[in-house]
Amino acid sequence: MVSTRALIESSLLTAIAVVLILISIYVPIFYFIGLFMWPLPLALVQIKHGYKYSLLSLVATTIIVFIFTDPYTALGFAITNGVLGIVLGTMIKMKERAINTIFIMIIVNVISVAISIKLFGLIAGQDYIKLALDEFYKSIDMAKSFYEKMGVQREVYENIFKAMPPKEMLLMLIPFALFIHGFISAIITYVLAKGIYSRFGIKLEEIPKFSNWYVPVKLAFSVIILVLIAYILAYLKVKNADAYLLNAMYLMFLTFSINGLAALSFWLNKQNLPKAFRILILLFVFFSLGNLLFLVGIVDYSLNLRKLDKTRIKDSPK
Numbered sequence: 001m002v003s004t005r006a007l008i009e010s011s012l013l014t015a016i017a018v019v020l021i022l023i024s025i026y027v028p029i030f031y032f033i034g035l036f037m038w039p040l041p042l043a044l045v046q047i048k049h050g051y052k053y054s055l056l057s058l059v060a061t062t063i064i065v066f067i068f069t070d071p072y073t074a075l076g077f078a079i080t081n082g083v084l085g086i087v088l089g090t091m092i093k094m095k096e097r098a099i100n101t102i103f104i105m106i107i108v109n110v111i112s113v114a115i116s117i118k119l120f121g122l123i124a125g126q127d128y129i130k131l132a133l134d135e136f137y138k139s140i141d142m143a144k145s146f147y148e149k150m151g152v153q154r155e156v157y158e159n160i161f162k163a164m165p166p167k168e169m170l171l172m173l174i175p176f177a178l179f180i181h182g183f184i185s186a187i188i189t190y191v192l193a194k195g196i197y198s199r200f201g202i203k204l205e206e207i208p209k210f211s212n213w214y215v216p217v218k219l220a221f222s223v224i225i226l227v228l229i230a231y232i233l234a235y236l237k238v239k240n241a242d243a244y245l246l247n248a249m250y251l252m253f254l255t256f257s258i259n260g261l262a263a264l265s266f267w268l269n270k271q272n273l274p275k276a277f278r279i280l281i282l283l284f285v286f287f288s289l290g291n292l293l294f295l296v297g298i299v300d301y302s303l304n305l306r307k308l309d310k311t312r313i314k315d316s317p318k
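The sequence shown lines up with residues 1 to 318 when you count with the numbering used here.
Keep in mind the hints are simulated off the structure, nothing from the lab. Bear in mind that the values here come from a model prediction, so they are computed numbers and not experimental data. Any given hint could turn out to be false.
Calculated pairs, PhoX-like style, for lysine-lysine (alpha carbon to alpha carbon, straight line, at most 25 Å) [unchecked claim]:
{"no.": "1", "residue 1": "Lys-48", "residue 2": "Lys-93"}
{"no.": "2", "residue 1": "Lys-52", "residue 2": "Lys-95"}
{"no.": "3", "residue 1": "Lys-310", "residue 2": "Lys-209"}
{"no.": "4", "residue 1": "Lys-52", "residue 2": "Lys-218"}
{"no.": "5", "residue 1": "Lys-239", "residue 2": "Lys-275"}
{"no.": "6", "residue 1": "Lys-209", "residue 2": "Lys-93"}
{"no.": "7", "residue 1": "Lys-203", "residue 2": "Lys-93"}
{"no.": "8", "residue 1": "Lys-209", "residue 2": "Lys-118"}
{"no.": "9", "residue 1": "Lys-52", "residue 2": "Lys-209"}
{"no.": "10", "residue 1": "Lys-270", "residue 2": "Lys-310"}
{"no.": "11", "residue 1": "Lys-209", "residue 2": "Lys-194"}
{"no.": "12", "residue 1": "Lys-118", "residue 2": "Lys-239"}
{"no.": "13", "residue 1": "Lys-307", "residue 2": "Lys-218"}
{"no.": "14", "residue 1": "Lys-95", "residue 2": "Lys-218"}
{"no.": "15", "residue 1": "Lys-93", "residue 2": "Lys-194"}
{"no.": "16", "residue 1": "Lys-52", "residue 2": "Lys-93"}
{"no.": "17", "residue 1": "Lys-209", "residue 2": "Lys-48"}
{"no.": "18", "residue 1": "Lys-95", "residue 2": "Lys-48"}
{"no.": "19", "residue 1": "Lys-95", "residue 2": "Lys-203"}
{"no.": "20", "residue 1": "Lys-275", "residue 2": "Lys-194"}
{"no.": "21", "residue 1": "Lys-239", "residue 2": "Lys-95"}
{"no.": "22", "residue 1": "Lys-209", "residue 2": "Lys-95"}
{"no.": "23", "residue 1": "Lys-48", "residue 2": "Lys-275"}
{"no.": "24", "residue 1": "Lys-275", "residue 2": "Lys-218"}
{"no.": "25", "residue 1": "Lys-209", "residue 2": "Lys-270"}
{"no.": "26", "residue 1": "Lys-48", "residue 2": "Lys-218"}
{"no.": "27", "residue 1": "Lys-307", "residue 2": "Lys-270"}
{"no.": "28", "residue 1": "Lys-95", "residue 2": "Lys-310"}
Could you put the whole structure together from the sequences, leaning on the hints where they help?
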């Protein structure tokens, strides 16, 4: 009886997963919403019935998507969203904290997307990322030619595109881009899961308010160690060491800049300013004063100014 009910529920959730995927693919306006929701049915199967049924659901979903689309879409779903759904369900079932769940989701997302890109490249015999960047820079050259034919002064359109980094640098920053994608994807998927699963009586821990985000000691040391290792590799002139160093530096900059932005948000909240005005200030500072945010983040972390890291409260300034 129990197995029959589990099979029926798993089948229904598999059908929902397939419908979500197909709608997202064939109705482009829903693609980005569906992309973050694809893991949720599988995660729910994992929460309610465990690995046996979640893996069966994953296989069934992959086969059905393959029938209606193509091998690349089906395999891409299985490697990325399918695995992510099972991991999310496992973390929720274990009652892990929100921050731990999101961290694991980021790691799984980065690894799975990297594997799928590499696998598809081997199957197709070409580097998809390099191909996409080539097309992107071709479009920039076409835009420059268009402006020139329109009689726009060269200095004007060159100023528009001068902030665009060279293609080689963007290729080096692919790992960092994968991390950003994994971070955004994990946050959105978790928020959607919290809202949807509450209807099934499954309560997920709230993500801390942004103003209460801070850099834990373990994360800070991990990032700093990554940068030091990258520096050593660059000093020893190891192959691709420059790429490792660039990604490590960007990761450190982003980590402490977000910490600085959270610290600024914490201070703005205490000023009782209108919410819309606070958001405008944060957006302006984030996009215009990144270096300052980084320094604020470093100071806030070093002195534990907001006293949010309870493990360091004895060392906090009085």
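Original post:
Which of the listed hints are broken here?
Top reply: 4, 5, 8, 9, 17, 21, 23, 24, 26
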